[in-house]
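Here the protein sequences come in this chain order: U and L. Take the first sequence: its position 218, counted from the start at 1, is 218 in UniProt numbering, and no numbers get skipped. Take the second sequence: its position 119, counted from the start at 1, is 119 in UniProt numbering, and no numbers get skipped.
Please note: incorrect hints may appear among the correct ones.
Said to hold, decoys possible - What the simulated footprint calls covered on chain L by chain U, stretch by stretch (three residues with Cβ under 8 Å from a Cβ of chain U suffice, anywhere in the stretch; the number is not a length):
hint, region
1, 46-54
2, 268-281
Unchecked claim - The calculated label-pair distances, taken between Cβ atoms and stated as ranges, are:
hint, chain 1, residue 1, chain 2, residue 2, range
3, L, R32, U, A388, 22 to 30 Å
4, U, R115, L, G110, 50 to 58 Å
5, U, H116, L, G110, 52 to 60 Å
6, U, R228, L, T62, 16 to 24 Å
7, L, E200, U, E64, 49 to 57 Å
8, U, I369, L, E200, 52 to 60 Å
9, U, A283, L, V239, 47 to 55 Å
10, U, K40, L, G69, 52 to 60 Å
11, U, K356, L, R32, 52 to 60 Å
12, L, T62, U, T278, 37 to 45 Å
13, L, R105, U, K40, 20 to 28 Å
In case anyone wonders, no lab produced these hints; they're calculated from the structure. Model, not experiment: these values are computed from the prediction. The beta-carbon is built from N, C-alpha and C at its ideal position, and this holds for glycine as well.
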Amino acid sequence: MSTLLRLATAGSVDDGKSTLVGRLLHDCKAILADQIAHVKTVSEARGGDFDFALLTDGLRAEREQGITIDVAYRYFATDKRSFILADCPGHVQYTRNTVTGASTADVVIILVDARHGVLEQTRRHLAVAGLLRVPHVVLAVNKIDLVDYDEAVFTKIAKDVSEVADQLGIADVQAIPVSALVGDNVVDHSAATSWYDGPTLLQYLENATGRTDTSNQPLRFPVQYVVRPQTDDEYRDYRGYTGTVASGTVAVGDPVIVLPTGRRTTIAGIDRPVVTPTSTAVAERPSAVAGEAVTIRLADDIDVARGSVIVAAEASPGTRRELAATVSWLSDRPLTVGARVLIKHTTTTAQAIVTKITGALDLDTLGVIDATELHLNDIGKVQLKIAAPLAADPYSSNAITGSFLLIDAHDGWTLAAGMIDDEEGELL
Amino acid sequence: MTITATNTVTELDALESESIFVFREVAAEFERPVILFSGGKDSIVMLHLARKAFAPAGVPFTLLHVDTGHNFPEVLAYRDSVVAELGLRLEVASVEDYIADGRLRERTDGTRNQLQTIPLLDAINAHRFDAVFGGGRRDEERARAKERIFSLRDEFGQWDPRNQRPELWSLYNGRHRPGEHVRVFPLSNWTELDVWHYIEREQIPLPSIYYAHERDVFERDGMLLAVGPYSQPREGETVSSRQVRYRTVGDMSCTGAVASTATSAAEVVIEVAASEITERGATRADDRASEAAMEDRKREGYF
């Protein structure tokens, strides 16, 4: 399997996220000479020391204001593995960008300023990580140098966060005392925190397990696009269904069901492309696993189009036109009951109506409170009625067939990130 | 269900699958997509992936080349041979034409990368392209590191980095209003090294200037510029014949060569892995214009 690890950062404004990321990249030698020279020049022109944040804050406005506005993606590697890092903004106004970065992350690093402890934004970011079921959370207690490397301060914050994480059902939290500015415990162990015997941030990242391998789960194959060359050659009658295996394994001869029609058939062929400078063809292969983009042929000539989902015959999710889900509301316009929206679920986009708002998460108590509307950055529970049947699973069992977007039909804006509840209907 | 233990997914396979997924989403959801094709390595890899996405059928997209008029002849020859071999449809937006009839004026420094924006936006409007594939990668430049895979542009082609749509999981939202279009970057998560590993693995032919060759060059601002019709040494700059290759291919007047002995993709992989300078830092004069040169161009509609 791939050793790639995807990570995202989160934290409040001025917690030092960009500095931490800059420090991590710098100390991993992932920053090249011309980039360092550039940061030096700009830092000096501003009359300051080398500003690590300038390595990642790439927009004019970010540099002027000293804050991160949008996600920056960085790529680096050590001898052990390679990383894709989403450096996310901390300002509450840009929480949607934190959700963007965390939706694909294996690890979320949540920064807390050692002087301030747990803030509302810390709770919000923990809730987002819990909601998205990010496998691992790292709590980086930053600016530990500014509290004189006091073990008691670190222990108190780690305990506070672990209580919140427990309530949110986040199993795996690793707390690490760091100073991004000085470099304590980022790549190398710090002599100033002799009381800390855990891993440095980089050690943790190098050893964290990546995304859950879903190849042993039931097959889900959302059809993206139908390939029909209609040429005069050997592919005259070719009809292939392209897509990426969302979960499970697909093999020639497997019995499958095509949703939403429910028709049964078997896998007649799995094709991989063979392209040369002058020709385009396909070659057969016996099987494909989750994450692979392939083309499938079916034994029977049945109605299959974009939006169809090919599923394991023995473990079909069936279809539904009503969903109970938890949503992270990402728009300035509030969500109200009766709202008409578009839902994008795998390769289907359909009309939907919000039939009920069941509640919203109270970030102080972490309990669910009554709500009639959801506002920007709210995490809430809704029920939807959908104009087309969806082959949906709970998010807890399948992140691809269990997630969706809500979209404004008028201007196309993405309104919400949605996760389909499991049978217990737990908020998180 | 049979589970074969022989399936192993490498990082390169994962990147390939993610890119193919993006091509298929666009083919399914847009009416008039186009691939920006410059004959550079990223657009060549992009075309290779597009061909894989729809095999055994052909690529369901038109190609668009914004031709500065300052291109390397080897690159134009490569472009034309690919189009002919694969039976593709190519549109060319010519900066030279715009200068000739006065719609654009030559810059005092003689470079033309900046001048590509207007012909690009005009071509998008004229052909009513609604999705425009670019080979941009997030590792190239700090403004590009901020780019979504699906990036909405308004009717003026402008990018608003402060108001980008959230992009969640692999649920790409391509909805747009009339006049708006979406820039799509299927190579977002690839690095320069990934691209070269892939070129090596897939044995993808490239224009010859990507490999080491003898060329008359002179040094300016730490870069090796080719002596040619669009770039001549100034006083005090000496010309010498050097063994060089190009890491990026753009406008001849502002794209620098690097000293190299790599004559194959495998050798380039070794060189790139050891390089202490980024691709753009080593070879692009125009990005040095200001602290936010790329962001400013992208805001105006540059790719």
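- Task: Kindly indicate which numbered hints from before are broken by the structure, ordering the numbers from low to high.
- Result: When the structure is compared with the hints, numbers 7, 10, 11, 12, 13 turn out to be violated.
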